[in-house]
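Enquirer: Chain residues, written in single-letter form:
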Amino acid sequence: MAEKPGMRVALLAVTLACGLVDGAAAQGAAQAQSREAIFAQMLRDPGNVTLALRYAKLSNDEGDLEAAIGALERILFYNPSEPNARLYLGLLYAKLGSNDMARGYFESVLQHPATPEPIRARAEALLAKANERLSPHQWNNYIRTGVRYQSNGNDEPDGEYQVFDPINGLTTVEGNPTDDWNAYVQTGTFYSYDFGNQRGDRFEASLTTYNTRNARFDDFNYNMAEVTAGIRFGLPMENGMASVKPYVIGTAALLDDQEYFHGGGGGLVFDIPVGKIVVSPFAEAVWREYENNDEINIIGGSQFEDRNGVTTTAGFRLATSTYAAYRFNARLAYETRDADQDYEGFERFLAEIQFPFDVNIKGHQLLITPLFGVRYTNYDAPDPTVQDVDGIDDVTREDLEFRVGLAADYAINDWAGVGAQVLYRTTDSNLNAYETDNWTISFGPNFRF
Amino acid sequence: MPIFNSRTAARISALLAGTALFTLNVQAQSVGTAAAVNPTTEGVRPGQAIRVLRLGSDIISNERINTSPQGSTQILFVDKTTLNIGPGSSVVIDQYVFNPKTDTGQAAITLGKGIMRFVGGEISHSGGATLKTPVATVGIRGGMGTIEHTADGTIYLHHYGSATISNSCGSVTINRPGFSTSVGGPNQCPTDPEKSTKPAIDRALALLTSGPGQSGGGTFTGQGPQTIDTPTVDLPPDLQKDLDDLVREAQQDVVTGDQHYDDPPPSCTFSCTGN
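Here the protein sequences line up with chains A and B, keeping their order. Reminder that position 25 of the first sequence reads as 25 in the UniProt record's numbering, one-by-one numbering, no gaps. Reminder that position 140 of the second sequence reads as 140 in the UniProt record's numbering, one-by-one numbering, no gaps.
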């Protein structure tokens with residue numbers, strides 16, 4: 001397989017990311033040393049508020065929120081009327097999930113008659129948030145929308161490939177990857193009901209949708225909706241709280257405004273804290289039934305219905321806890337599809353990882369997320385309608401896909417922001433028809449409420 | 001030659017004196033400092049006279065700390081644990097051992113009466129922290145909790161981490177912030193954990209800090225005692241800005257944290273065409 005220019009960019013991005021991680025680790029070690037030195041000074045000079053504030057910030061940055069709380073409670077001893085110290089304590093307790101303590105601190109700011117108005121307004125907003133979190137009903141919603149440019153909007157290879165059909169026989173087709181723009185809207189609604197027991201058992205449901213409208217290739221206009229529902233049971237462990245959630249899932253999609261597939265299934269997911277990481281083993285089985293669409297050409301001539309079957313996925317996710325100083329999210333999975341036609345069945349290994357980190361710009365947060373992924377797919381049987389460049393028709397398709405990208409999300413306020421993403425995807429295949437490259441650039445607003 | 005002569009006696013005396021000195025040094029080793037003190041707060045060391053604690057006073061193992069009905073204090077331990085002690089309380093540091101090289105150790109603190117909040121440092125992260133009252137024992141792991149003991153028994157409010165509350169009757173474990181248990185007597189079992197009440201939380205917040213007119217021994221306020229009716233005394237401007245920045249960052253962290261919690265699933269990360 002010839003080297004693609006995009007691969008060099010991908011390798012450079014990986015190298016840069018490794019450098020970033022190395023740099024962050026070195027900075028973390030220096031920060032930890034600095035915090036220890038400040039703590040030693042504090043023991044000798046405990047009334048020094050400058051030291052206490054600096055220690056609180058470093059502790060917060062390192063994820064040691066209890067140490068930050070201890071320092072702030074000391075500052076409050078010296079000035080019990082200081083409203084920002086109370087707000088900060090409330091926020092620290094909120095980050096630990098101790099929302100009743102957070103509410104108490106926010107209320108105390110409002111109860112003091114001399115709290116300045118800007119701080120009072122801040123405390124009112126935080127108190128409202130704390131009361132929301134204390135409610136057994138939790139709703140979280142998001143909308144992401146914008147425009148997306150793709151260098152290969154029709155997902156075609158850059159080169160020749162061979163197809164075979166009974167009427168025309170063996171035909172050489174010239175691939176014509178063509179760019180395209182689309183507008184997209186992605187939505188999510190998450191609901192949970194807390195049963196109020198000590199284990200933290202709760203009912204969880206979600207509805208996610210994804211919709212696109214393309215400027216040029218309206219065959220790829222896509223609408224998808226997915227519903228999940230299940231009960232999460234808490235599992236007390238020595239080092240924290242684990243959980244297990246059995247759930248059911250329903251899904252449906254349109255392609256070019258006609259039914260594409262519908263289906264359903266179920267799964268099981270665990271969340272297990274291991275130090276500062278949450279490990280989430282999961283398994284899921286989803287059946288999908290596809291509908292043919294004579295107006296859409298698929299490479300080769302197979303039909304959508306050939307894909308009918310059950311897709312089974314098993315693997316695990318890894319994620320650092322929400323407020324960890326250095327974060328990553330990763331997913332490793334093994335997937336199989338048992339399709340009506342063997343050449344649409346496959347087994348697949350995939351791995352993806354993200355390294356989100358925050359940059360504070362004049363009080364606003366910019367979230368930067370480098371992301372990497374790889375997916376290897378080995379199909380179960382040759383597709384007789386798609387052949388390799390030598391016209392051999394018994395080659396079983398194997399694809400190796402790499403993905404590298406960078407996302408940036410800027411929070412304008414608590415409920416709105418703007419985001420952009422650059423993504424490069426390259427697929428190497430033993431069949432020319434599936435060797436593709438695609439650059440994707442998207443940007444637009446996002447909302448949370 | 002006698003077995004026990006003057007030279008031998010001198011050697012034995014020196015050995016005994018050295019041992020006594022060594023023991024004294026171990027017992028007198030500081031385990032922390034009084035990082036904030038409102039009068040009257042007193043420390044009582046074994047075999048020694050009562051002393052009034054001030055900001056910066058050393059605290060040693062086996063020391064008893066008593067607060068008057070207006071007194072309160074925060075003890076900052078060498079393993080980064082902080083212990084806020086409220087008014088009318090009596091607390092003993094029964095045991096404190098910490099190895100800074102391994103960040104492990106053991107701490108046992110008894111609350112005879114009153115109220116205190118334990119914010120765990122390295123010792124509690126390794127499961128070595130124990131809080132006791134006359135009717136119950138609380139083992140805390142990596143966490144924070146408030147404990148109050150009165151004539152009606154002990155109440156424990158859990159804020160973070162994991163805590164096991166036990167006595168001769170039975171035990172309960174609390175893993176979830178915002179839950180509490182109470183123990184009426186040494187032979188009464190701890191109650192099943194239930195959500196902490198708002199009055200209990202508000203009471204803990206009010207008692208475990210300075211009261212009106214108090215400043216914990218700190219002097220940066222610079223304008224004399226405060227009362228509930230006096231205007232807020234600002235921090236010096238540079239510290240005010242530092243704290244304001246910290247609040248903004250933390251507020252944004254909480255918003256971003258909510259976003260991380262419900263980040264959309266990686267739908268369409270690899271393909272949106274169902275393949």
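These aren't lab readings, by the way, just hints derived from the structure by calculation. This one's a predicted model, so the numbers in the text were calculated from it and none came from an experiment. Ideal Cβ positions, reconstructed from N, Cα and C, are used throughout, including at glycine. A few of these clues could be false.
Using C-beta positions, here's what the derived DEER-type ranges look like [said to hold, decoys possible]:
no. : chain 1 : residue 1 : chain 2 : residue 2 : range
1   : B       : P39       : A       : A416      : 47 to 57 Å
2   : B       : P39       : A       : D45       : 13 to 23 Å
3   : A       : Q33       : B       : S126      : 20 to 30 Å
4   : A       : A408      : B       : V97       : 20 to 30 Å
5   : A       : P281      : B       : V97       : 52 to 62 Å
6   : B       : D245      : A       : G266      : 43 to 53 Å
7   : A       : P136      : B       : P199      : 16 to 26 Å
8   : A       : R216      : B       : K195      : 35 to 45 Å
Enquirer: What are the numbers of the hints the structure violates, in ascending order?
Expert: Hints 4, 5 and 8 contradicted; others consistent.
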